[in-house]
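One-letter residues, chain by chain:
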Amino acid sequence: MRLKSLMLGACSLIAMAGFAQAETLTIATVNNGDMVRMQKLADDFKAKNPDIDLQWVVLEENVLRQRVTTDIATKGGQYDIMTIGTYEVPIWAKQGWLLPLDKLTADQSYDVDDLLPPIRSGLTYEDKLYAAPFYGESSFVMYRKDLFEQAGLTMPDAPTWDFVGEAARKLTDKSKEMYGICLRGKAGWGENMALLTAMSNSFGARWFDESWKPQFDQPEWKETLEYYVNLMKEAGPPGASSNGFNENLALFQTGKCAMWIDATVAASFVSDPKESQVADKVAFALAPDKGLGKRGNWLWAWTLAIPAGSQKTEAAEKFINWATSKDYLNLVASKDGWLNVPPGTRTSLYENQEYLKVAPFAKMTLDSINSADPTKPTVKPVPYVGVQFVAIPEFQGLGTAVGQQFSAALAGQVSVDQALQNAQQLSEREMMKGGYIK
Amino acid sequence: MARAITTRRKVTFTIIGWLVGFVIFFPILWTILTSFKTEGEAIASPPHFLFFDWTLQSYFDVQSRSNYFKHVMNSVVISFGSTLIGLAIAIPAAWAMAFSPTKRTKDVLMWMLSTKMLPPVGVLVPIYLLFRDWGLLDTRLGLVIVLTMINLPIIVWMLYTYFKEIPGEILEASRMDGASLAKEIIYVLTPMAVPGIASTLLLNIILAWNEAFWTLNLSAANAAPLTAFIASYSSPEGLFWAKLSAASTLAIAPILILGWFSQRQLVRGLTFGAVK
Amino acid sequence: MATLRTRSAARLMMTPAVLTLFVWMIVPLAMTLYFSLLRYNLLMPGMEEWAGTLNYRYFLTDPAFGAALVNTLLLVGGVLLITIVGGTLLALLLDQPFFGQGIVRLLVIAPFFVMPTVSALVWKNMLMHPVYGIFAWIARLFGLQPVDWLANLPLFSVTMIVAWQWLPFATLILLTALQSLDEEQKEAAEMDGAGPISRFIYIVLPHLARAMTVVVLIETIFLLSVFAEILVTTNGGPGYESTNITYLVYAQALLQFDVGGASAGGIVAVILANIVAIFLIRLIGKNLEA
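Protein chains in written order, with the working numbering: chain V, 1 to 438; chain P, 439 to 714; chain C, 715 to 1004.
So here's chain V without its partners, still in its complex pose (with noise of 0.2 Å):
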């Protein structure tokens, strides 16, 4: 205790000694590209308020949710605005650690009712917004149209899983490092689940009954497991149990790859001839289907809150405003061009004639999000909330375990009715551990 009041009468000190008026906000993110681009872009902020520093905290994503979850969850206050996805927001805002933003919400130049409804939703609990999305991702299919055409195979634009299959099989030629479709498959609640349950929803599985039962005893969610496990064994690149996102970015840019079903924002990474070999030979469809009505997209968005014990809301405040705002697209449009404006936010975006014509996979984004409903998202009713993800605080936990079985089965370490009988007792134990079954 003594030590802490001479901090701060040390910190007061240094406050008085001439930064008195000038406000410092400390703001956690991720180190995807976007938000680097809005560091960057920052000065533009900072011209407009000079009375308000920016101190950026810039992490990798697993490092940065362990660091603002301890943090926000003690009550730490080392951050004035936190980036957080769609699953931290419901959760977090019903404990009340985030500020409401009313503010934004009631401003008319932000325009709250242009962001997307099921983004805007997602973070909405209780009738307030408690985040702004930076920018939103549903997931979808790229393909070689190169490939697809000297085989003789057309793609539909919305495929079913079937279709894939088939052509993911015609497609593989693995002398010639040709793999006919790359998945994710490394263990983690927010890398092979992700895929995985938002697969398993097109199957008609999910992961919980009305009354919290882990349902992965049913067959619907054998048939999921089966169906990837054959598919990735005949068709897929080698060492697919430890590849995620980036692994398999790297594949498909390299060319070694025919299909790959992942998040939108990687439309702008293929399609970009700096980076990527195969940029004008992409093209895009709809996550597959079964014919059961739901698609095998997710929903996700990185979103800016600020925590409730902040001192500084009304400064945090304005920072959302501008980063989050149609300004914004406007100003990176400026200076990147169209194709670098953070996507799958705000409606008029996919309104927008410029933007449209430099990005062939606006459309398909926009759809596939608009498709995307977390309180609905499978065929038969759930109690949870998220897409892709269940949105209770033993789910990270619990999917990465789950995960690890699912990647396990992939690596052929075990079998898949092995995995699924592993994945449900892991499940209940959590679940009845959690109080939620007896």
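None of these hints come from the bench; they were simulated from the model. None of the values given here were measured: they were computed from a predicted structure. C-beta atoms are modelled at their ideal positions from N, C-alpha and C, and glycine is treated no differently. It is possible that part of the hints are untrue.
To be verified - In silico lysine-lysine, DSS-like type, Cα no more than 27 Å apart, as pairs:
| hint | chain 1 | residue 1 | chain 2 | residue 2 |
| --- | --- | --- | --- | --- |
| 1 | V | Lys326 | V | Lys103 |
| 2 | C | Lys900 | P | Lys448 |
| 3 | P | Lys508 | V | Lys40 |
| 4 | V | Lys48 | V | Lys357 |
| 5 | V | Lys233 | V | Lys222 |
| 6 | V | Lys46 | P | Lys508 |
| 7 | V | Lys222 | V | Lys380 |
| 8 | P | Lys508 | V | Lys312 |
| 9 | V | Lys318 | V | Lys103 |
| 10 | V | Lys46 | V | Lys318 |
| 11 | V | Lys145 | V | Lys128 |
| 12 | V | Lys46 | V | Lys335 |
What the hints assert, rightly or not - Which chain P residues face chain C? A few, computed with CB under 10 Å, are given here:
| hint | residue |
| --- | --- |
| 13 | Ile462 |
| 14 | Thr476 |
| 15 | Gln501 |
| 16 | Leu522 |
| 17 | Ala526 |
| 18 | Leu551 |
| 19 | Val563 |
| 20 | Thr577 |
| 21 | Leu579 |
| 22 | Ser672 |
| 23 | Leu694 |
For this one, chain V is given, so just place chains P and C on it according to the hints.
Coordinates of chains P and C only, in the frame set by chain V:
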């Protein structure tokens, strides 16, 4: 006379030695080479070893994004600070254990080492809560304290084993001359102990420099050392190999150069009593 | 009389170290022990309640626990084996005079200066990746099928990465010990007509025993808490193939944010580590005496 070394033997060992050295160093060499490639080139397969378009682009990118020197300064302050404080606490203790051992000295040493066995993740939350209450989160002071404590057992042990090999007769002699305890330490013991202290210092700077759990979890913006600098380049969405390699090269360089220049000092005391 | 004075002086000198370490140990340990008996999840504040042995029950009956225990021992044992054998060979090599010996020595000790996360990332993606890694490229040069390291040999791969980082440490200690070996002793043995192998077994090896003991002890302490390498490369998978106890505690603490469960796991890990330590000291402590 029997040890005349034939040239052929020397050449053979030269070849083997360089081959082994190259293999062990290869991952680092590869990182350095990759830092001069473009992102596309970095994942080229088959890999390009030397014949690619060398570029400094990644270094420019890294420099424009982060304040490298601030992170270096934090790393320097934290690793040197914790090591110096650790030495200040450990030298008297190790001296006492070496020259005035009791039956329990060994147990005390073993107990000290055993404090390192609690996995850091298990105590993160307690420490975080304490640091929050004491206002130590994201301060260099806080990180210095933590790193001092986690490396103290190693410091004590290393010094103890080194001190123990200093012959006691010299101390007896100085005592006969009527030297006081303070003089004994300053004029007799210190000069003899310097090599041991120097290598302890170096080893602990290396350990503190590379400590990535506490430094990452207890810092935010102000005290963040190079481990946090690395964490801002690893695994973003998109290709990052060249940039990560550049950042890694920058993060490793200071400590690698320090280590290389001082390796003789490092080795001299790095015995942990293993040499009789 | 002098002894009495030095005794109390000695005690005084040890006080700061012992006291600070004691506080550093006992405060977190006590808090951890207390938390381990609570139902306490960071993400659900206000719900803390007495849980008795619930957390321990769940941690110990976790299906991953048994595998993690075995993996921890295999990982520590494997790294020790590689670093001791490899370190001895390297030390013998570096003890020979050859051209550029100093530079080779610098190359060999370099891995020790690399941060664990960096080396794990480099190994995983640039060396071990079955499509664009260097190992795969070498395998294809010889017309072989590239090995899928992290999927098929996950624990072995992690062991390799960690061993690479610790090899320099073992080499340096063993080299210092080797160089302190009496030249005369070696020469005498040579004159007696002892071959290089018997010279190694009867003279060099016994001389190195102490140094090896030291390497084992120090490395074990660090290796028991390895987890950054696992997190970066395999996430403990596939299945539980590369999950160790520390990783299990990590999953509780920073994925679940289950402070109660992580604390119980931490306590279990301390107990296990101490069992290993006692065992080690019994087994090799003799070497450290005198």
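(request) Taking the numbered hints from earlier one at a time, note which ones the structure violates and give those numbers from smallest to largest. (result) 4, 11, 14, 15, 16, 20, 21
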